[in-house]
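2 protein chains.
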Amino acid sequence: MRIAIDAMGGDNAPQSTVEGAVAAAQEWKDTEIILVGDQSRMAPFLKERPSNLTLRHTSEIIEAEDEPVKAVRRKKDASMVVAGRMIREGEAEAMISAGNTGALMTTGLLVVGRMQGIERPALAPMIPTLDGKGVLALDLGANMDSKPEHLQQYALMGSLYREKVHGVSKPRVGLLNVGTEPGKGNELTKHAYPLLEQLPIHFVGNVEARDVMNGVCDVLVCDGFAGNILLKSIEGTAGALFSLLKEQFSQSLKTKLAAAMMMPQLKNLKSIMDYKEHGGAPLLGLSGLVVKSHGSADGNAIKNAVRQARVAMQNRLVESISNEISGK
Amino acid sequence: MRIAIDAMGGDNAPQSTVEGAVAAAQEWKDTEIILVGDQSRMAPFLKERPSNLTLRHTSEIIEAEDEPVKAVRRKKDASMVVAGRMIREGEAEAMISAGNTGALMTTGLLVVGRMQGIERPALAPMIPTLDGKGVLALDLGANMDSKPEHLQQYALMGSLYREKVHGVSKPRVGLLNVGTEPGKGNELTKHAYPLLEQLPIHFVGNVEARDVMNGVCDVLVCDGFAGNILLKSIEGTAGALFSLLKEQFSQSLKTKLAAAMMMPQLKNLKSIMDYKEHGGAPLLGLSGLVVKSHGSADGNAIKNAVRQARVAMQNRLVESISNEISGK
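Taken in order, these protein sequences are the chains called Y and Z.
Per full-length UniProt numbering, the very first residue in the first sequence carries number 1; after that it's consecutive.
Per full-length UniProt numbering, the very first residue in the second sequence carries number 1; after that it's consecutive.
If you're looking for bench data, these hints aren't it; they were derived computationally from the structure.
Note that the structure is predicted; figures quoted are calculated from it, not measured.
Check before you lean on any hint, since a few could be wrong.
The list treats identical chains as interchangeable, and a pair is accepted whether it falls inside one copy or across any two copies.
Below, a list of computed lysine-lysine pairs in the DSSO-like style, where the Cα atoms sit at most 27 Å apart [said to hold, decoys possible]:
id, residue 1, residue 2
1, K254, K270
2, K133, K170
3, K246, K256
4, K267, K256
5, K232, K246
6, K184, K70
7, K232, K147
8, K184, K76
9, K190, K232
10, K232, K267
11, K270, K232
12, K164, K133
13, K232, K133
14, K184, K147
15, K170, K147
16, K270, K246
17, K190, K170
18, K75, K184
19, K47, K29
20, K190, K70
21, K164, K29
22, K267, K246
23, K170, K184
24, K133, K267
Chain Y with its partners taken away, still in its complex shape (with noise of 0.2 Å):
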């Protein structure tokens, strides 16, 4: 198994991809990671370097602000770039970038490129649940106008990466829209429905976005544009209520006091709103796997990423969607 990693993406990097790699190299040793960076802004982090691991020089980086298709179209040497060549030429079968998600799912289309069968792939990131275990939502921002058919490729997709990597059996598969009858919905959710139930998945239906944190399905389907204001809102919503809860808690010293005695409560509460805790997001439908790590991701995020994609490796997952779709 071979990944490769975009060392010059996000917030921490090139530190946090180096030290990801490092770890996961000696985690892993039937897996070859390799690193793609720039060499000399990599070498102060690489005080070990175990034999699975190899590096590949590259000369520019996209930045966090570059337009997306620009970038990918004019720095044809930036890591992020070279990371998706490799899955492209068969030098690697899966990459992990913490960079730019919109010029990362322009290098999966462009680099990379969709899997036959597929019209667009998918970013599916996880949404966090009261109990924890998130629901995996796509698409959740490469597409924003979606038709029918799309969300019936999300759906399969997701259903197989949550059985496939997440070891969830029959994943209830449900799709994002305004009531839960059915019927409910604008055009295409309306239209998107009865091809959801032709599925060889578990379809549990319209789910209303209130409902998505109580856990009612595994999967959620939605196009890009809804996809967005959901998670957005959420986030929103989260961050409003905690700024106002603390807000609050430092009221008095009574409220201080409170806020003192329900510390690892309020820690642990801001800890399962945390979406990012749940790794990162594949993008589904490419002829490779490439992973969107979050743009904030540590050391340790970037080596979790790597467990994921080789779980997903061993699990055939590409495959498997390729095989469902060309089934069809």
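With chain Y's structure known, arrange chain Z on it following the hints.
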């Protein structure tokens, strides 16, 4: 000013509606209140009867679980439908109902009738913000699939409502979107953006879901599908966090003590998040004023809806919208 109240709509009707109507009639002698409903069921709560309060007997009721279009078409003598007909026939200028939301929107469309030049009336509730002022969001559920021109009309109507009814000068109007830069979004929002720029309103550009609660705009424009996802995500996340908080607070004697110390602050927090407290939601774009009160409205909420309707009428809201729309 004549306001018809659907006395039979809502979880607490007719007690809530009768009590609210009596209180409103007592406070505002210049306003004629017409209670529309079953006389024998209203009677027990009608201990007083101000001279500006009249009754209009109806024999049917639209229930919460009724299918909206069917119910409005078949139950010709339902309290909600009769109240709508009173607007159409000039017997009242406004109506208030805490009943079935779908049926009320249908009553608005089929009985009250659209304002000339308006393609789609919109439901415009308030969404809570951290500063306690709230943001008027439309459309929230009346229309699942919108065209850019509909969003343009929502923007105009929402801006006028905030100005005329809430006294906000130059309301900041934002477009719900997936990024703040112009050019972001799906086909709908990309095409709506330049149309909103053309309006004689204070358009502040795209607003991301995560910023809505920070009070970055006074009016938020969106299609009914995205609006529903936004509102229900906020509701669901707040509900989830409060239940997590409750769980964390009840873990031990120490945390229970902390909870007791924090009780006034926690109640305060809950009330900020409770968008029900922001009064009734207008259904804008009809030939008369229709206000939707929350299903769980009590007498006080009904009285507040009357207050809201009075202000709208005093400031000639419906005429202002009509003038702006026809002047285009």
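Do the hints match the structure? See the list:
1. K254 with K270: Classified as both; 22 Å inside a copy, 19 Å across copies.
2. K133 with K170: within (15 Å within a copy, 45 Å between copies)
3. K246 with K256: both (9 Å within a copy, 18 Å between copies)
4. K267 with K256: both (15 Å within a copy, 17 Å between copies)
5. K232 with K246: both (21 Å within a copy, 24 Å between copies)
6. K184 with K70: between (40 Å within a copy, 16 Å between copies)
7. K232 with K147: both (22 Å within a copy, 23 Å between copies)
8. K184 with K76: Result: close only across copies, 26 Å inter versus 46 Å intra.
9. K190 with K232: both (24 Å within a copy, 19 Å between copies)
10. K232 with K267: Both: 21 Å inside a copy, 25 Å across copies.
11. K270 with K232: both (16 Å within a copy, 21 Å between copies)
12. K164 with K133: within (16 Å within a copy, 47 Å between copies)
13. K232 with K133: both (19 Å within a copy, 21 Å between copies)
14. K184 with K147: Classified as both: same-chain Cα gap 17 Å, cross-chain 19 Å, threshold 27 Å.
15. K170 with K147: For K170 and K147, only the intra-copy Cα distance (25 Å) is at most 27 Å; the inter-copy one is 38 Å.
16. K270 with K246: both (12 Å within a copy, 14 Å between copies)
17. K190 with K170: within (24 Å within a copy, 38 Å between copies)
18. K75 with K184: Answer is between; shortest inter-copy Cα gap is 23 Å, intra-copy 45 Å.
19. K47 with K29: within (18 Å within a copy, 84 Å between copies)
20. K190 with K70: between (36 Å within a copy, 20 Å between copies)
21. K164 with K29: Close inside one copy (22 Å), not across copies (70 Å); limit 27 Å.
22. K267 with K246: both (12 Å within a copy, 14 Å between copies)
23. K170 with K184: Within one copy, since 25 Å is at most 27 Å while 36 Å is not.
24. K133 with K267: within (18 Å within a copy, 29 Å between copies)
Consistency note: the structure conflicts with none of the earlier hints.
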